[in-house]
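Visitor: Line by line, the protein sequences give chains A and B.
This note's numbering puts the first residue of the first sequence at -16, with every later residue one more than the last.
This note's numbering puts the first residue of the second sequence at 1486, with every later residue one more than the last.
What the hints contain is simulated information worked out from the structure, not anything from laboratory work.
In this text the structure is predicted, and so the values were computed from the model without any measurement.
Yeah, the Cβ is synthetic: ideal placement off N, Cα and C, and Gly gets one too.
Check the hints yourself; a few may be wrong.
As the list claims (entries may be wrong) - If you only want the chain B side, here are some residues facing chain A, beta carbon under 10 Å, derived:
id: 1; residue: Ala1507
id: 2; residue: Leu1519
id: 3; residue: Thr1563
id: 4; residue: Lys1566
id: 5; residue: Val1600
id: 6; residue: Val1631
id: 7; residue: Thr1632
id: 8; residue: Lys1633
id: 9; residue: Thr1636
id: 10; residue: Glu1638
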Amino acid sequence: MKSLKIAFFAAFIAITGCATHDARILGADNQVELRNMQTRAFDTSDKTVVVRNVISTLQDLSFVIDKADTDLGTVSATRLVNGSRVRMTVTARLSSSGKSTIVRANAQYNLKPIENPKIYQDFFSSLSKSLFLSANAVE
Amino acid sequence: MKKMKYIFIACTLAMTGCATTAPENLFQTSETSLQDRQMQSRFFETKNEVALLSAGVAVLQDMGYSIDETETKSGVITASKTVSATNNAQIAGAVLLAVLGGGAMSVDSEQQIKVSFVTIPSNLNNEGYLARATFQRIVTNTQGQVTKAETMETEELYVEFFSKLSKSVFLEAQEI
Chain A
-16 MKSLKIAFFA AFIAITGCAT HDARILGADN QVELRNMQTR AFDTSDKTVV
34 VRNVISTLQD LSFVIDKADT DLGTVSATRL VNGSRVRMTV TARLSSSGKS
84 TIVRANAQYN LKPIENPKIY QDFFSSLSKS LFLSANAVE
Chain B
1486 MKKMKYIFIA CTLAMTGCAT TAPENLFQTS ETSLQDRQMQ SRFFETKNEV
1536 ALLSAGVAVL QDMGYSIDET ETKSGVITAS KTVSATNNAQ IAGAVLLAVL
1586 GGGAMSVDSE QQIKVSFVTI PSNLNNEGYL ARATFQRIVT NTQGQVTKAE
1636 TMETEELYVE FFSKLSKSVF LEAQEI
């Protein structure tokens, strides 16, 4: 009887464990955490250089660029590897002090948003190598 | 024993019920990343980035692509085309299967090819720009299902592309 209960419980999780409709449209409820892992500051006031390096970093990671806007600082790209699809948007904007450029990246793997800090860390470490600047956390 | 089986099935369901999450090494640069970069890039000795970009647009037009997006300030052009993806070997296989009474087999029918062409000032040489092209494609079969979604990494493709681009740069310079 007890094992049946466990089975029932597991099946229940299987059905309800996925995100609800609203969460799929509005995103998960972890705004602060997401911003932390998706954002880094670089000590340069030259946004164009940052945008160009974002583009070449994305190309190094086998992305094909979909759109880029230097004034707004946005770059969107898609990667198709082994039948999986990764969509990514990277934005670069000047910080309020004007001394550093803040870069935010967010990506989606197939049908799910990427919420693993390690994956974003890898992206920012490639970007900082390409920029010859260190990636700083944003307070 | 039977109960254990149910528990096992239910637990697997619980674990796999949602869409697969991204693998941890998703954004780690691959070992071939540097080789890929060399294969996909060429150096052009010019101070005129816009001229290089417009030669890129022209060569993409030569190859039958339509331009989707251009951004001169950061040197990006994206283009795409949808063409046939039929290959004779696959069709022969399907015909053979049909003859042997195996019923209709779907074969690849079309592919959407997308390319981004990017120029960047060279770090090593201030007198020129690097041009880098990357191609990807999505292949669908006769039933409309996606059979392939991949980055194209054959060397010949890039050699051919850049030889066309060199010609295009020359033609633009000569205003032909």
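Visitor: Holds or violated: Thr1632 (chain B) as interface residue toward chain A, Cβ cutoff 10 Å?
Guide: holds, 9 Å
Visitor: Under 10 Å is the threshold here; is the Cβ of Ala1507 (chain B) close enough to any Cβ of chain A for the hint to stand?
Guide: holds, 4 Å
Visitor: Hey, does the Thr1636 (chain B) contact hint survive, CB to chain A under 10 Å?
Guide: Constraint on Thr1636 (chain B) satisfied, holds at 5 Å.
Visitor: Do the numbers back the hint for Lys1566 (chain B), that is, is its least Cβ distance to chain A under 10 Å?
Guide: violated, 14 Å
Visitor: Take the shortest C-beta to C-beta distance between Lys1633 (chain B) and chain A; is it under 10 Å?
Guide: holds, 7 Å
Visitor: Can Val1631 (chain B) be said to touch chain A, with a Cβ gap under 10 Å?
Guide: Hint holds; Val1631 (chain B) Cβ to chain A Cβ min 8 Å, cut 10 Å.
Visitor: Close enough to count: is the Cβ of Thr1563 (chain B) nearer than 10 Å to one in chain A?
Guide: holds, 6 Å
Visitor: Taking the closest Cβ pair, is Leu1519 (chain B) under 10 Å from chain A?
Guide: holds, 8 Å
Visitor: For the hint on Glu1638 (chain B), just tell me whether its beta-carbon gets within less than 10 Å of chain A.
Guide: holds, 8 Å
Visitor: Regarding the hint that Val1600 (chain B) lies at the interface with chain A, is the smallest CB-CB distance below 10 Å?
Guide: This hint holds: Val1600 (chain B) lies near chain A, its Cβ roughly 7 Å from the closest one there, short of 10 Å.
Violated hint for the displayed structure: number 4, the only one.
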